[in-house]
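Chemist: Using the sequences and the hints, build the whole thing.
There are 2 protein chains.
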Amino acid sequence: MTQDFGFTLHNSDGMARRGTVHTGRGDIQTPAFMPVGTVGTVKGLYLDQVKDAGADIILGNTYHLMLRPGAERMDRLGGLHKFIGWDGPILTDSGGFQVMSLSALRKISEEGVTFKSHVDGKLFEMSPERSIEIQGLLGSDIQMQLDECVALPADHDTMKSAMELSLRWAERCKTAFGNQPGKAMFGIVQGGDNVGLREQSAQALVDMDLKGYSIGGLAVGEPQEVMLAMLDVVCPILPTTKPRYLMGVGTPQDLLRSVAHGVDMFDCVMPTRSGRHGLAFTTRGRVNLKNARHAEDTRPLDEGVNCTASNSYSRAYLHHLIRSNEMLGMMLLSWHNIAYYQHLMAGIRDAISNNNFAQFAEETEARWAAGDIDAL
Amino acid sequence: MTQDFGFTLHNSDGMARRGTVHTGRGDIQTPAFMPVGTVGTVKGLYLDQVKDAGADIILGNTYHLMLRPGAERMDRLGGLHKFIGWDGPILTDSGGFQVMSLSALRKISEEGVTFKSHVDGKLFEMSPERSIEIQGLLGSDIQMQLDECVALPADHDTMKSAMELSLRWAERCKTAFGNQPGKAMFGIVQGGDNVGLREQSAQALVDMDLKGYSIGGLAVGEPQEVMLAMLDVVCPILPTTKPRYLMGVGTPQDLLRSVAHGVDMFDCVMPTRSGRHGLAFTTRGRVNLKNARHAEDTRPLDEGVNCTASNSYSRAYLHHLIRSNEMLGMMLLSWHNIAYYQHLMAGIRDAISNNNFAQFAEETEARWAAGDIDAL
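In order, the protein sequence lines correspond to chains A and B. FYI, in UniProt numbering the residues of the first sequence are 1 to 376. FYI, in UniProt numbering the residues of the second sequence are 1 to 376.
The hints are simulated quantities; they were obtained by calculation from the structure and are not laboratory data. Please note that the accuracy of each hint is not assured.
A pair counts as met if it fits within one copy or between any two copies, since identical chains are not told apart.
List of simulated lysine-lysine pairs, BS3-like, C-alpha gap at most 27 angstroms [as the list claims (entries may be wrong)]:
#: 1; residue 1: Lys116; residue 2: Lys290
#: 2; residue 1: Lys82; residue 2: Lys290
#: 3; residue 1: Lys160; residue 2: Lys290
#: 4; residue 1: Lys174; residue 2: Lys107
#: 5; residue 1: Lys290; residue 2: Lys122
#: 6; residue 1: Lys107; residue 2: Lys122
#: 7; residue 1: Lys116; residue 2: Lys51
#: 8; residue 1: Lys122; residue 2: Lys51
Modeler: Here it is in structure tokens:
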């Protein structure tokens, strides 16, 4: 470990923040988008491509990895970094969110969650302590507390009790995590779309003096303006000296606007999942490569992005590959999308450094709205 | 075009031949294995990986490409080479074999074949002349005559009439192809597993003085010894001054043994198809990465192959990716297999050059038979 975990705020431009998260495995320039490597691979990409695109950190999913290959096995294999061949920082979620969304027969109690694996039906128990233990066995640099996340809309009592349980679990996770040089455990702000609950959750977590703060339970079905309104409630409560991570978000526009509301870190499967289905995010908005207009278009997908997938393959070829359901089509569009997300974040970081984030955001949104280049 | 099509025989070692096929788009060192890029992509690989593995030439499938994106469209797009980004030679089949195996409602007459597309049900007619026209529109460097290929076992009359029809189509294809500097049209020896029919087919094609000779209708269900016996019938009839291509073959052992019987060129989907299903061909024989013995094996798949996929990822990770049905697992094993096939062909070429092919073949087969490294 070369350095302890920490956060340096370089500049603020409105609510937007330009910073660096320091970890024992290297720095993360923020605002940052973290590509998702669910089961230990960013789907369809070589990790060299992920790194070259500009990603400082990737994410692994505790739920998937605890089921396969398994936490103790991963530890015996030397940890996730060695297993997948990534020497930069890795963030893991707690497993809780995917227990809720993917497993069968889940049961939540004060003690933790019980669930059946979607892989083989095996029964698992996961307490807050076990979640932290698993994340430790994986070798995660930035770990998440176990929390309970509810889908929106939800009634007040459901949101309140989930938020309160999450706070009690945050305390237990903090104790379980202890002090690990170079690493961090983040608390997760819950409270659904309720201002009071969000305030209460954020304040209680701040009082625990954690190393970073995640904002969970958003982008779970609510309109974007509700998400941004919740950020306006939560971010002013969070300390400026700690990183803020909006979990599971989102579209390029979600990222741009959330940065404007004070968020530092993001993750989402959208660039790779959309890429596998032929949808590209570009400097000129969304482009659906399945569309027949691309069939004889020899121009590259997006010359504005410095990535081989973006500027060295014709739209006609990408169209053909996607229509033919070929792996290479999914590989190229996933690669382009990851590169575009990193391109966007680099632009955001530069703009904040130069105190012209508002103008950058306006121009970026205008370019998206203007749409794709005219058909040939 | 820098040079005309031709073949230089550098050395013979028994029946095994070390040569170079010259084309307008570059040389092909033989014996050569040609990775299959069915619809314009070697499945799961970047073409840089294919080239770096040592492939001089790849194959495209006329049937697939005429259906999607279509021959005239491909021509408008500048041809297959430009479309996919491969500047070396490309060989195309005639489309006939896959009309038989993939399309519905096929009908064969003296004139040609009529069939319904497996993509959209559209009706197509393909004469020998149209097959050559399509291959020209694709921009193929080594084109195949349209032929009729029968599955084995088959009765004598079926094999005979298919062989005779194929000969008449060879004449028509030769005329349609004409003289194209730097390019070639190969005739295809048919005749099933019948010695007399094979002799008759080979001799008639030799009399047409074509630029190269394919051997079709093998590896279609018959035992390997039948295939090798047919090679022993056909190869001595074929001129030593022309390349010989055994279509759709095969396993590494098929290749090694067929070289010993006088074959120069091969193609097969096996390395990529097997790779997608977790099966690796290695210097120590077949390795099934799905097998639980690899789950905690941190050793690389095959240190004997100079390829990142072979020597820089653990078996445990490959096992995990394949078990998890992840694209990266398919990508890595397809890549390794293509690299292993090229590694094998390079070894074969060196051995023939050094007049020790028999010893090389014996040692290679012995290593395969000895099997994989012991489990940890």
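Chemist: For each hint, tell me whether it holds in the structure or not.
Modeler: Structure-based check of each hint:
Only between protomers do Lys116 and Lys290 lie at most 27 angstroms apart by alpha-carbon distance; the minimum there is 23 angstroms, versus 37 angstroms within a single protomer. In this homomeric assembly, Lys82 and Lys290 come within 27 angstroms of each other (Cα to Cα) only across copies, at 20 angstroms, whereas the closest approach inside a single copy is 37 angstroms. Taking identical chains as interchangeable, the C-alpha atoms of Lys160 and Lys290 are never at most 27 angstroms apart, the minima being 44 angstroms within one chain and 46 angstroms between chains. In the homo-oligomer, the alpha carbons of Lys174 and Lys107 lie at most 27 angstroms apart inside one protomer (23 angstroms), although the nearest pairing across protomers, at 73 angstroms, exceeds that limit.
In this assembly of identical chains, Lys290 and Lys122 lie within 27 angstroms of each other by CA distance solely across copies; the values are 20 angstroms between and 39 angstroms within a copy. Within a single copy, Lys107 and Lys122 get their C-alpha atoms as close as 14 angstroms, which meets the 27 angstroms cut-off; across copies the closest is 53 angstroms, which misses it. Taking identical chains as interchangeable, the C-alpha atoms of Lys116 and Lys51 are never at most 27 angstroms apart, the minima being 35 angstroms within one chain and 46 angstroms between chains. Within a single copy, Lys122 and Lys51 get their C-alpha atoms no closer than 35 angstroms, and across copies no closer than 45 angstroms, so neither meets the 27 angstroms cut-off.
In terms of the numbered hints stated before, the structure departs from hints 3, 7, 8, listed from lowest to highest.
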